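Assemble the whole structure, with the sequences as input and the hints as a guide.
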Amino acid sequence: DTTMSQSRSLLRQILREHRRLPGEMRRLGDMYVKKEFRDHRAVTDREQTERFVASWAAYLADIQSQTRFGADLPEEVLGAMSDDQRQKLLDLRESTAK
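Residue numbers (the working numbering): 10 to 107.
Note that these hints are calculated values from the structure, not bench results.
Remember, predicted model here, so these are calculated numbers, not experimental data.
Heads up, the beta-carbon is just placed ideally off N, CA and C, and yes, glycines get one too.
Take these hints with a grain of salt, some might be off.
[Said to hold, decoys possible] Label-pair restraints from in silico Cβ distances:
{"no.": "1", "residue 1": "D92", "residue 2": "E56", "range": "20 to 26 Å"}
{"no.": "2", "residue 1": "M13", "residue 2": "S104", "range": "28 to 34 Å"}
{"no.": "3", "residue 1": "K97", "residue 2": "T11", "range": "17 to 23 Å"}
{"no.": "4", "residue 1": "Q15", "residue 2": "Q75", "range": "28 to 34 Å"}
{"no.": "5", "residue 1": "D81", "residue 2": "S14", "range": "19 to 25 Å"}
{"no.": "6", "residue 1": "H49", "residue 2": "G88", "range": "20 to 26 Å"}
{"no.": "7", "residue 1": "Q57", "residue 2": "S104", "range": "17 to 23 Å"}
{"no.": "8", "residue 1": "P31", "residue 2": "E56", "range": "32 to 38 Å"}
{"no.": "9", "residue 1": "R60", "residue 2": "D39", "range": "28 to 34 Å"}
And the structure:
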């Protein structure tokens, strides 16, 4: 399946790009990305999968263009997140601040 191979390729590209992150950010980022892709494997809705891939492709493009890390997320991205995703983001922020 083309979408599945795109997802695997995208995951590998993201993990490669994470190598530029500072140690703890890389570890947490890798864990989060792997979990998201693992959780998404069971999704069969093509539109949802296309949105998933598009969102992570945008993330990849964003981190490829950054020279510094830790920039604030745009309001439209935060607004589109579920409560669970926002909580995970807060948890991630707290764990990296320690």
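Here is what the structure says about each hint:
no., hint, verdict
1, D92 - E56: 20 to 26 Å, "holds, 22 Å"
2, M13 - S104: 28 to 34 Å, "holds, 31 Å"
3, K97 - T11: 17 to 23 Å, "violated, 29 Å"
4, Q15 - Q75: 28 to 34 Å, "violated, 23 Å"
5, D81 - S14: 19 to 25 Å, "violated, 33 Å"
6, H49 - G88: 20 to 26 Å, "holds, 21 Å"
7, Q57 - S104: 17 to 23 Å, "violated, 28 Å"
8, P31 - E56: 32 to 38 Å, "holds, 36 Å"
9, R60 - D39: 28 to 34 Å, "violated, 22 Å"
In the structure shown, a violation is registered for the earlier hints numbered 3, 4, 5, 7 and 9, in ascending order.
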